[in-house]
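Engineer: With the hints as a guide, bring both chains together as one complex.
These protein sequence lines are chains V and G, in that order.
Going by my numbering, the first sequence wraps up at 570, each residue one higher than the last.
Going by my numbering, the second sequence wraps up at 384, each residue one higher than the last.
It is worth saying that the hints were derived from the structure and are not from the lab.
Treat each hint with caution, since some may be false.
Calculated lysine to any residue pairs in the SDA-like style (CA-CA distance at most 20 Å, straight line) [stated by the list, open to error]:
id: 1; chain 1: V; residue 1: 464; chain 2: G; residue 2: 315
id: 2; chain 1: G; residue 1: 273; chain 2: V; residue 2: 496
id: 3; chain 1: V; residue 1: 464; chain 2: V; residue 2: 511
DEER-style ranges, computed between Cβ atoms [stated by the list, open to error]:
id: 4; chain 1: G; residue 1: 283; chain 2: V; residue 2: 532; range: 43 to 49 Å
id: 5; chain 1: V; residue 1: 496; chain 2: G; residue 2: 322; range: 28 to 34 Å
id: 6; chain 1: G; residue 1: 376; chain 2: V; residue 2: 470; range: 26 to 32 Å
id: 7; chain 1: G; residue 1: 293; chain 2: V; residue 2: 538; range: 34 to 40 Å
From the derived model, a few chain G residues whose C-beta atoms are all more than 10 Å from chain V [stated by the list, open to error]:
id: 8; residue: 280
id: 9; residue: 287
id: 10; residue: 295
id: 11; residue: 304
id: 12; residue: 313
id: 13; residue: 319
id: 14; residue: 326
id: 15; residue: 330
id: 16; residue: 336
id: 17; residue: 337
id: 18; residue: 346
id: 19; residue: 353
id: 20; residue: 375
id: 21; residue: 383
Note that CB positions come from ideal geometry on N, CA and C, so glycine has one too.
Take a look at the letters that make up each chain.
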Amino acid sequence: NAGVTQTPKFQVLKTGQSMTLQCAQDMNHNSMYWYRQDPGMGLRLIYYSASEGTTDKGEVPNGYNVSRLNKREFSLRLESAAPSQTSVYFCASRRLAGGSTGELFFGEGSRLTVL
Amino acid sequence: DAKTTQPNSMESNEEEPVHLPCNHSTISGTDYIHWYRQLPSQGPEYVIHGLTSNVNNRMASLAIAEDRKSSTLILHRATLRDAAVYYCILRDGGPNTGFQKLVFGTGTRLLVSP
Chain V
456 NAGVTQTPKF QVLKTGQSMT LQCAQDMNHN SMYWYRQDPG MGLRLIYYSA SEGTTDKGEV
516 PNGYNVSRLN KREFSLRLES AAPSQTSVYF CASRRLAGGS TGELFFGEGS RLTVL
Chain G
271 DAKTTQPNSM ESNEEEPVHL PCNHSTISGT DYIHWYRQLP SQGPEYVIHG LTSNVNNRMA
331 SLAIAEDRKS STLILHRATL RDAAVYYCIL RDGGPNTGFQ KLVFGTGTRL LVSP
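Same shape as in the complex, but just chain G (with noise of 0.2 Å):
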């Protein structure tokens, strides 16, 4: 499986935009780039996904590099609500692709300061 890099931790204040990185050197072509959040003491939620071209929806922006080596998240106001854990995970969208475990790893754990 395609493994992704991620910071443990980063820091922001609310209302500045936050640029979380994530480093995927291994990613085959059929991988879309998913991300998760969880916040404290609740289950992961669904952020946003991609496979080439940058996405954008209420909730972030995704922004993918050329060679698709790396992305990043980005929220573009930090508010108290976004402090949480966010995973970055790769999964295969081939045609032929049946059931794939979605690892979540350790993730980076964004603080947001008033």
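Chain V extracted, bound-state conformation (with noise of 0.2 Å):
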């Protein structure tokens, strides 16, 4: 079982490039989360994914884009990185979006520098 798979686990960027990070879920979940976490801190949001179609901003959401590409798969998009930007970014699913039960399933985490 594969569960949820980040690619890629590691990547170095200089300020002003671009890159995407790639999440895939194979436990037919209908939402799907990015998180970033900074040394120290706990996890924040960036964005999420309700259910395949939809996708809405968390609590950090600038300099950030997201694509639910179907229901498997959503990804995260840096249009210009900046520094601020290192981080450990972590892609999550749920069966549901709501509700009380439900875990969430993480992936190991794709650790970015952006220099």
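Structural biologist: If you want it as structure tokens, here you go:
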């Protein structure tokens, strides 16, 4: 069972470069999420997709765009990377967006450094 | 959003029980208490959740105070692999709830010594 798969696992960018983080889940989950985690801090939600065809902003969406390509895949794009976007990015999925039960499943993370 | 308060860090010895506390004094009647943990260099993983009654699963036990203003995650015998950051999170389980973001906070870093 692959669960949630993120690529790439590591990336170094120069300021102003663009890149896309890919995320895919094989659990037939409806909702998917992108979080970032800075050193010594908790996870902050960037964008989420409650279901296929919908996306919404989270707490820290500035500088990012997302695409819910299909039910399995949810990508995060940095159009013009900045050093403040140096972080570890986690993709997660959940069977349903709402309700009390149903755990979040996380990928292993993508470590991004912007020079 | 109702918030949780956890100690920054705790220490334990291997094979001893560990009690990780969480305060949530503003919890509402429909808030479920969820626990996740994050092992080094990994994404968070689900541990357990509950509403009012104590809960047990293969990973841990969750003890919820009668007034629900606090809860305790119990690891019955800590192992080195249990060294992680543990997050206590509230999630509204009301009948009309739609999407809710899980606010992870900074959690409790558990150190386990051999």
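Engineer: Which hint numbers does the structure go against, in order from smallest to largest?
Structural biologist: 3, 11, 12, 13, 20
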